[in-house]
Amino acid sequence: MVSDGGGKKMTDPEEEVPVTAATRAALNYLKDTNETPVFRQTKTASDIVSLGGARQPRTVTIRDGRGSAAGFSLDIEGFAFATQVTKVTDFNDDQQLELIYTPEIEKLIARVAGAREAVVFDHTRRSTEASHREKYGSRDPVPAPHSDYDDSSARQRMRDKFGDAADEFLQHRFAIVNVWRSMSGPIEQWPLTICDSRTINDDFLISTRREAPVRPEPSFEYARPSATRHAAYDANHRWYYFPRMTADEVLLFKNYDTRTDGTARFALHSAFEDPATPANPAPRQTIETRAFVFYD
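Residue numbers (the numbering used here): 43 to 338.
For the record, the hints were derived by calculation from the structure and aren't laboratory data. Mixed in with the good hints there might be a few duds.
Think about it this way: if two alpha-carbon atoms lie no more than 30 Å apart in a straight line, the pair counts; the simulated DSS-like pairs of lysine-lysine are [as the list claims (entries may be wrong)]:
#, residue 1, residue 2
1, Lys203, Lys149
2, Lys149, Lys129
3, Lys177, Lys129
4, Lys129, Lys203
5, Lys177, Lys203
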């Protein structure tokens, strides 16, 4: 087993946030391996394919977090749920993302994280609709429990964004937080599930590598190679989701934190096939924003 280490091993939470409903669904865990699986993007606008590391689907309980949304936090469970009415009218418009959405989300992240500042460095659109992926360079949902960074790739992404100025930032606490939302109506298929950080054990994490793209890539994040973490099955994982999220609702979750004192460092996340999906669901079109978070 290859794991990132570098931090306090998470244990089961003493007290679970109460929920009123749940579903059962399969998550595509990675089989345990002593090698480093490599993922490579195809030449089409679809997502990456694996060059190594077989998947092992396991059916798990995924709790509906809506009734207890106010009880989750970025520093404890590793995720938070919020309402955020945006002034963006078209998430496919890059200019609106830069001029309207970026400052909106930076303010939201800083407030929810209790941080001094958040700096967005990537917007990634995802869609189940092939025509949307071809037109806008959006990507498929990723149906596999994973975290986007490890210690080395998080610091490298800081250098990619800030250049020489990163040397100063790297001397202090920082985090990487993602914000996930629907670009249109309620999510009817392939929702996102998030794992309580306190139930993640480093021994069940597998270091993986995502290679550089073989096609032009509009995303700052996906234009670069990265070391990531995928998960092998662990019965202690506690998963949550927020059904039928609308364009005015956001799910914030950590992908990295330099703290190693028991503060949530990251929350595994995965798209999943919801058994409650209607017969003719609307395409799943979402936008995922990544930001550096700086603290006093």
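- prompt: Going back to the hint list, which numbers does this structure go against?
  reply: Of the numbered hints given earlier, the structure breaks none, since each of them holds.
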